Amino acid sequence: MNNKHLDVDLLKGLAAGDRKVIERVYKDHFNMIQSLIVNNNGSSDDAQDIFQEAMIVLYEKARAGSFELNCQLKTYLYSVSKRLWLKRLQQSNRLISQEIDPDTTISVEEEIAGFEKRDAEFELMNQAIQRLGEPCGSLLDAYYVKKMNMQDIALQFGYTNADNAKNQKYKCLMRLKKLFFSGYKNGNPNG
Amino acid sequence: MDDLQLLSEIERYIKGEMCPDERVHFEQLRKSNTEVDQLVVEHTFFLQQMNRFGEWKRFKSLMKEIHVDLAEKGQISSTRLQGKLKVIYLWNRYKRVSAIAASIAVITTLAISSLVWIIAPTSPRSQFEELNNKFSQLEDKTKKQAKEIDRIKNKTSSVPQDIPFTTGGTGFMIDAKGYLVTNVHVIEEAQQIVIQNNRGEYLAEVIFQDKGRDIAILKIEDPNFKPYSSLPYGLSKQTAKLAEPIFTLGYPRNEVVYSQGYLSAKTGFNGDTLSCQIEINANRGNSGSPILNRKGEVIGVLNGRQTNAQGFAFAVQSKYIFDVIESLKKQDNGPAIRVPSRSLLNGLDRTEQVRKVQDYVYMVKVN
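Residue numbers (this note's numbering), protein chains in the order written: chain A, 1 to 191; chain B, 1 to 367.
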């Protein structure tokens, strides 16, 4: 039971984006996932990618607050990583050299489907921002991602005052929306 | 009301920044104008997307940072695979690849590279300025004073205190065990080499030099040196792309200096195919500085600039570092240097990248 309490605390920390907690979960589980990947035709770079994707799945779940902890954190991360890795292997037609023990994993199909959908959406946003070019990309990043205030942004980007920066931000935002929604409505994340 | 104003009103409305009167007014507008209403819905959705996107991005870059940190501290097995794991991985991966294909590839590469080597132009070097640093007397004096202070503060350094260093450049780690790369012209005719950064001051020896490529490998030979557990950056085997943004850290002064620019031509001085041309602010002492791309991969080693033109410099392409390491391996008792090929810095902010890299860049002092 003790373990369970600890896991619940860790999840709360993850949802809040607490660096110490992320570091701890990372440290405790990365090596396990690395051996899983490396024993199944992957490199340690693949391991890093897959593990970080699994962490995002966990993060999403923790954030949604819907996480019913009916298994250990360890089992969860292992299951998600395994699933993600099998998918990737299938996509690249690399063969699986050994069957991964099915008993130690739980079903995570739903989460992975959700993750992939969101990942595609974010990729769409990312590409839209890339296509905006500079300084628009950095400007929007500063405001919406880094959450800087307009005064600081004006200073950093060399606008004479916050109102000017704000105006510029809205201009950029309009272009971004156009790019984003044109991709979104086409249903083509790569567009 | 134009689109821009409307958007700004909508955003204020969604964020709840409107005062009650404005709000009532806006809601009326929303009711009477379906277009506005639709825009509000759309923008709410968009802002949510932006928000979530931001959170993901922050979370991802935080994880990358953590990975580098943990790998540095040795708390997770680093990107380099070790022992058993590596054998399993390599075996799984390459058992299908036939040895014949590999050997053909090797032979072809060797043939082509030797051909290129023979054909490559030897350029007049007069317009080419090597950027090693001649210490002025004044600098020498201040340095001596600083050293005296250091010596008093810190008695552990094994570096003799009375060496008058005459020239200098920059060097950077390519293997966590204590191997560095710099330019041959930096350490030419050196009797004693000392490398120094914030981490400390160590004695080093030249173990290999390739004059043609202007690449030298140094090994730290100092009992005080503690090997790193891993390097944050990797070395790129690819030729860099035109216009790719780059940055460098070096020691044109007694202080590490950051500079940024872009790759401006794929060949170097007088069409030299070994190197490439970069648009960056380089000064004496920058010789041997690593040139990194946006992903934090080393794409070259800065080695000179043209004297009759300001602003651009040249860098030896990093793939030649691999060649040098290969020839080093073939020597008797040549150490096997293992260079990381993947950078852990991909996706980090520039300031964060620089903070990680600077511990691995050293001032190279020579007398």
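In short, the hints are calculated from the structure, not lab data. On a predicted model such as this, the values are computed, not experimentally measured, just so you know. We treat Cβ as the ideally placed atom computed from N, Cα and C, and that holds for glycine. Errors might be hidden in some of the hints.
[Claimed, not checked] Listed next, the in silico DSS-like pairs over lysine-lysine satisfying Cα-Cα at most 30 Å (straight line):
no. : chain 1 : residue 1 : chain 2 : residue 2
1   : B       : K295      : A       : K178
2   : B       : K319      : A       : K117
3   : A       : K20       : B       : K241
4   : B       : K319      : A       : K27
5   : B       : K319      : B       : K241
6   : A       : K177      : B       : K295
7   : A       : K146      : B       : K319
8   : B       : K226      : A       : K147
9   : B       : K73       : A       : K146
10  : A       : K20       : B       : K319
11  : A       : K12       : B       : K226
[Claimed, not checked] Here chain A is said to cover these stretches of chain B; the calculated rule only asks that three of the stretch's residues, wherever they fall, bring their Cβ under 8 Å from a Cβ of chain A:
no. : segment
12  : 37 to 51
13  : 55 to 63
14  : 66 to 72
Inset, instruction - List in ascending order the numbers of the hints, as given earlier, that are violated by the structure. - result: 2, 3, 4, 7, 8, 10 and 11
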